[in-house]
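Respectively, the protein sequence lines represent chains A and B.
Here my numbering is used: position 12 in the first sequence is 12, and no number is missing along the way.
Here my numbering is used: position 185 in the second sequence is 185, and no number is missing along the way.
Stretch by stretch, here's where chain A covers chain B in the computed footprint (C-beta under 8 Å, at least three residues):
hint, segment
1, 51 to 62
2, 119 to 127
3, 154 to 166
4, 190 to 203
Think of the hints as simulated: they come from the structure by calculation, not from any bench.
Even glycine gets a Cβ: it sits at the ideal position worked out from N, Cα and C.
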Amino acid sequence: MNCREFTEFLHEYLFGNLPPEERAEFEKHLAECPWCVAYLDSYKKTILLTTDAFSDSGNGAPPAAAPEELIQAILHARPRKS
Amino acid sequence: MDGMVPTKPSATVADEAALLARMQAGDDDAFDACVRAHCGQLLATARRILKNEEDAQDAVQEAFLSAFKEIGQFAGRSLLGTWLHRIVVNAALCRLRSRRRHPERSIEELLPHFGEDEHQIDPPAPWQEAAGALLLQKEARELVQRSIAQLPEIYRIVLLLRDIEGVDTEETAGMLEVSAGVVKTRLHRARQALRTLLDPYFRRGEA
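When you get a sec, could you build the whole thing from the sequences and use the hints?
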């Protein structure tokens, strides 16, 4: 395995989608390549940063609010049973 | 990665069933309560997809009206919030497809490049251990949001749906009318490209 193959399929490795022999190849490469260790670590941190970037809990912000005009527009446009 | 799917403790499930029954009976107050409970989160989703306030509000209004027309057929097998979320995602995606495309950067320039020795030309460097903790800072969260917004659209949308909106691979594939394999490939490339954009800020000793 080389670095190109590692980066191309690392998501399959990360999420446990590889058969044991291919997984072993990935782990052998990781044991020998500090660059791919760094790449894998930063890839995992990218996922963490992505999932948290819009969460309300991260910055203590209140839950998203909608403008009252929009709420009223929706309620007024609602079809009613005749 | 299902963290953003609206989930509720079981105590509220009975409340929601009662609300749904009232809406199905045409109770004005129940519709009012439903819109007030869900509109903010749905607008946030539409804003993320459309990156435009007017389009986002139009998509939310369209989604609510579409949901209200179908409310009689909604059996409550999923949470009301989850059902509304999927409707607004589809409304936003439909609006996105109808919009004129702007020129955007190529994904290729944001993917790793390799030399003849199959090593990356720009060797990866370790990131700060505290990269995740930096999200407590508003600036860091905004940096990630801005970087996501720079991704080419077909990759940005898959990243949003899978990693932020909590839509699974199969459902994302259905919404985008592509195969599950295409969703997985686009998601991987989107994460790689986002990693490239964030790399200068999170490399150890450089932020």
